[in-house]
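Quick mapping for you: the protein sequence lines, in order, are chains A and B.
Numbering follows the numbering used here, in which position 38 of the first sequence is assigned residue number 38; successive positions increment by one, without gaps.
Numbering follows the numbering used here, in which position 198 of the second sequence is assigned residue number 198; successive positions increment by one, without gaps.
Each hint should be verified, as a subset may be incorrect.
As the list makes no split between identical chains, a pair holds if one copy fits it or if it spans any two.
As the list claims (entries may be wrong) - Taking lysine to any residue and the SDA-like style, the derived pairs with C-alpha atoms no more than 20 Å apart in a straight line are:
#	residue 1	residue 2
1	195	185
2	16	27
3	135	163
4	16	48
5	72	8
6	103	195
7	72	34
8	72	188
9	195	172
10	16	26
11	72	5
12	16	147
13	16	31
14	163	67
15	195	65
16	72	2
17	16	38
18	72	190
Think of the hints as simulated: they come from the structure by calculation, not from any bench.
Protein chains: 2
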Amino acid sequence: MNGLEYLDRIAAALGKLPGIGRRSAERMAFRLAWEPDGVMRELGGALRDAQENVRLCPLCGSITTVAELPCKLCTNASRDSSVVCVVQDPSDIVALERTGAYKGRYHALMGIISPMHGEGPGDLRLQALIQRVEKEGFQEVIMALGTDVESEATANYIAELLKGRNVRISRLASGIPVGSGVGYSDAITLSRAIKGRQNL
Amino acid sequence: MNGLEYLDRIAAALGKLPGIGRRSAERMAFRLAWEPDGVMRELGGALRDAQENVRLCPLCGSITTVAELPCKLCTNASRDSSVVCVVQDPSDIVALERTGAYKGRYHALMGIISPMHGEGPGDLRLQALIQRVEKEGFQEVIMALGTDVESEATANYIAELLKGRNVRISRLASGIPVGSGVGYSDAITLSRAIKGRQNL
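Pulled out of the complex, with its shape left as it was, chain A reads as follows (with noise of 0.2 Å):
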C-alpha cells in the first residue's frame, strides 16, 4: 500500500460517520497523517480504550462500561422503577440526564422507524420494550421521540404494540421553545401549542 491508500483506508471509515462526507472525511485523514505523533495517536489511543472498555447496556441500551452491566440508570434503586422513557438513540438519555428533571428508567431503540433509510421494525429493539413492559411492570411509557414525521409515526406504531397492556403511554410536549415568541413559531408548533395549552 502506498500512503495515500493508508489515508483512504482512514477516511473511508470517518464518511461512515453522520454528517461526513467523502471530501470532510479525505481533509481529516490528511490532517491526521500531518501529526502520526499528535492527533492522529490521540484518536487512536481513545478509540482503543473505548473499543476495550464501552458497551451499551444490555437493558436500557445507554452508554455503559463493562464493569457496569446493566448501567446505573437501570440498577440504581433509587430511581423510578414505574416509568419507562422511550429515546430514539443513547445520547438522547445523556440529553435528558442533563435537565434532571426524569428520574424513571430508559429504554433507546436504537434507531427510528424510516422506510427512506431502509429501517423497519425489526432494526429497533421493540421486542426488547415489549418484553420489559410486561417483565418489569412499569405503570407509564414515556415517548420521547421527535417531532418529525418518522419520529411521530414510530411513536404511534409503538403506542398500538402496547395497547391492551394497561400501561399509560404518555409523549413529551410539543410547543413554543422556551426563549423564543409566537411571531417566531411555524403554524403546526402553535397549532400544538394551543391544543396543549395549560392552566394558569
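Starting from the structure of chain A, add chain B where the hints point.
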C-alpha cells in the same frame, strides 16, 4: 472512567480535525460507540496501520510510507529536477498530481503565513526550501498557493526570500475557472484574467 468519559476522549481528538465542531465530534463519538465491532474497529485499525506506516517525505513533505523515504516524487529520475512547485500542504500535491500536467519536484510548506491563526514564517518549511533551492539547483520555483490574501502574502514573502538566487519565480495563473462565464466571475478575478490574458 464511565462510558461517557471514554466517548469524550474520542470527541476531543475528533474535535481537533478541520471542520469538526464540538457538537459534531460528540455525535461522531456516539455513533462510533454504537458499533463497537464495526466502524470503531475499522477506524482504529486504519489509524494504527497508518501510524505505523505513513510518513511525510523529509524532502518534499508529501504523504509516503516508511518504505519510501524520500518519496517516489523526489527520487523518480524521470521527473524534471529543474523545477519545484511550492504548495501549502500534502493534499495539494495529490490534487496537482491528479492533473498529470506537472512532472517536476514538490515542496509542501505545511501551512501558510497567517498572523490571525498565530502562524508565522518560522512555522513553515521555508529554511528547507531555501536549502533545497541552493543544493538541488532548481531553475524555477512555481508558487502553487491559494489566491486568498494570506496565501498571496506568503507567496510574496517567499519570492523576497529567494531574490538574487538566480531562480525564476512564477505562480499559477489566476482567472476564470473552466466551465464558468464572465458574468459569474467577481471583479478581482476578472481583472486578473484581463492582466494575464493569453494570445490566441
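Tested hints:
1. 195 with 185: within (15 Å within a copy, 52 Å between copies)
2. 16 with 27: both (14 Å within a copy, 12 Å between copies)
3. 135 with 163: Intra 16 Å, inter 82 Å, cutoff 20 Å: intra-copy only.
4. 16 with 48: both (18 Å within a copy, 18 Å between copies)
5. 72 with 8: between (39 Å within a copy, 19 Å between copies)
6. 103 with 195: neither (27 Å within a copy, 70 Å between copies)
7. 72 with 34: between (40 Å within a copy, 18 Å between copies)
8. 72 with 188: neither (38 Å within a copy, 61 Å between copies)
9. 195 with 172: within (14 Å within a copy, 63 Å between copies)
10. 16 with 26: both (12 Å within a copy, 15 Å between copies)
11. 72 with 5: Between copies, since 15 Å is at most 20 Å while 43 Å is not.
12. 16 with 147: Result: close neither inside a copy nor across copies, 25 Å intra and 32 Å inter.
13. 16 with 31: Close inside one copy (18 Å) and across copies (9 Å); limit 20 Å.
14. 163 with 67: For residue 163 and residue 67, the Cα distance exceeds 20 Å both inside one copy (36 Å) and across copies (65 Å).
15. 195 with 65: Close neither inside one copy (42 Å) nor across copies (64 Å); limit 20 Å.
16. 72 with 2: Close across copies (10 Å), not inside one copy (46 Å); limit 20 Å.
17. 16 with 38: between (23 Å within a copy, 10 Å between copies)
18. 72 with 190: The answer is neither: 38 Å in one copy and 64 Å across copies each exceed 20 Å.
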